[in-house]
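Read in order, the letters of the sequence shown are residues 1 to 232 in our numbering.
It cannot be assumed that every hint is accurate.
[Said to hold, decoys possible] Simulated DEER-style distance windows between Cβ atoms:
| # | residue 1 | residue 2 | range |
| --- | --- | --- | --- |
| 1 | ASP89 | GLY60 | 25 to 33 Å |
| 2 | GLU186 | GLU112 | 27 to 35 Å |
| 3 | ASP108 | PRO59 | 30 to 38 Å |
| 4 | GLY90 | GLY145 | 44 to 52 Å |
| 5 | PRO181 | GLU11 | 31 to 39 Å |
| 6 | THR210 | PRO88 | 43 to 51 Å |
| 7 | ARG43 | GLY145 | 26 to 34 Å |
| 8 | ARG206 | GLY111 | 35 to 43 Å |
Think of the hints as simulated: they come from the structure by calculation, not from any bench. Glycine included, C-beta positions come from ideal geometry on N, C-alpha and C.
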Amino acid sequence: MSVGQLPSFSEPVGLFPLPNAVLLPGGTLPLQVFEDRYRSMIRDAIEDRGIIAMALLQPGYEPVYHTNKAEIFPVVCVGKINDHVQIPDGRYFINLLGLCRARIRQEDPDGEYRTAMLDPMLPTGSGIEIDGEFAARSSLRDVLGLDQIEATDVIQRARGLVDSELPLGELVDRVASALLPTEMVELKQQLLEEMNPIRRAGILTRELRTLVQVMAVRQKDLDRWPRFGSMN
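Full structure from sequences and hints, please.
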């Protein structure tokens with residue numbers, strides 16, 4: 001199963017809520033799974049369809065983290081376990097590929113781990129938006145072409161995606177997955193919940209511009225820092 005191919009939503013899906021990770025469609029997420037309940041979830045998923053849903057915990061989760069009652073955001077990303085290894089102590093190391101957005105319709109917190117019935121969130125669009133999509137793609141291309149951005153392999157791949165024939169929404173998800181720092185979970189959740197690809201592109205473009213400006217200021221400060229020798 002690849003990105004864009006929808007799994008069956010006729011059966012409940014295991015939920016993997018975390019406070020520090022958001023998966024986007026088209027992105028990959030390496031995870032170490034060590035809690036007993038989530039080991040069971042991964043084992044069950046591997047024996048079935050290999051599908052789980054990543055969810056972001058809402059603020060204030062700490063007192064009930066080790067229960068199935070912590071509040072989560074209702075929009076999740078359904079992922080496919082592409083690779084997995086279980087080591088002798090029982091932990092799993094998995095590589096998860098984001099397939100699609102989904103909204104929780106009904107949750108069951110009473111099992112060993114949480115499961116939910118999900119509704120897929122399908123992209124919408126029309127020919128009226130063609131001009132807007134062209135402008136959004138151009139803005140993203142301009143940001144990725146700024147002189148302050150070093151032309152690393154990741155940046156070069158992102159530039160290639162912008163110039164490809166990928167639909168705008170899929171393009172934005174892939175670029176965001178590749179370029180946004182892991183810890184920017186609130187922003188990634190905002191991108192996950194935004195179904196309009198033009199608005200999603202605008203959010204990402206503005207954030208990338210901000211990141212470039214921050215890096216430029218930090219570099220300027222480093223350039224000004226007096227270098228009188230090494231510190232031991």
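Violations among the numbered hints, reported as their numbers in ascending order: 3 and 7
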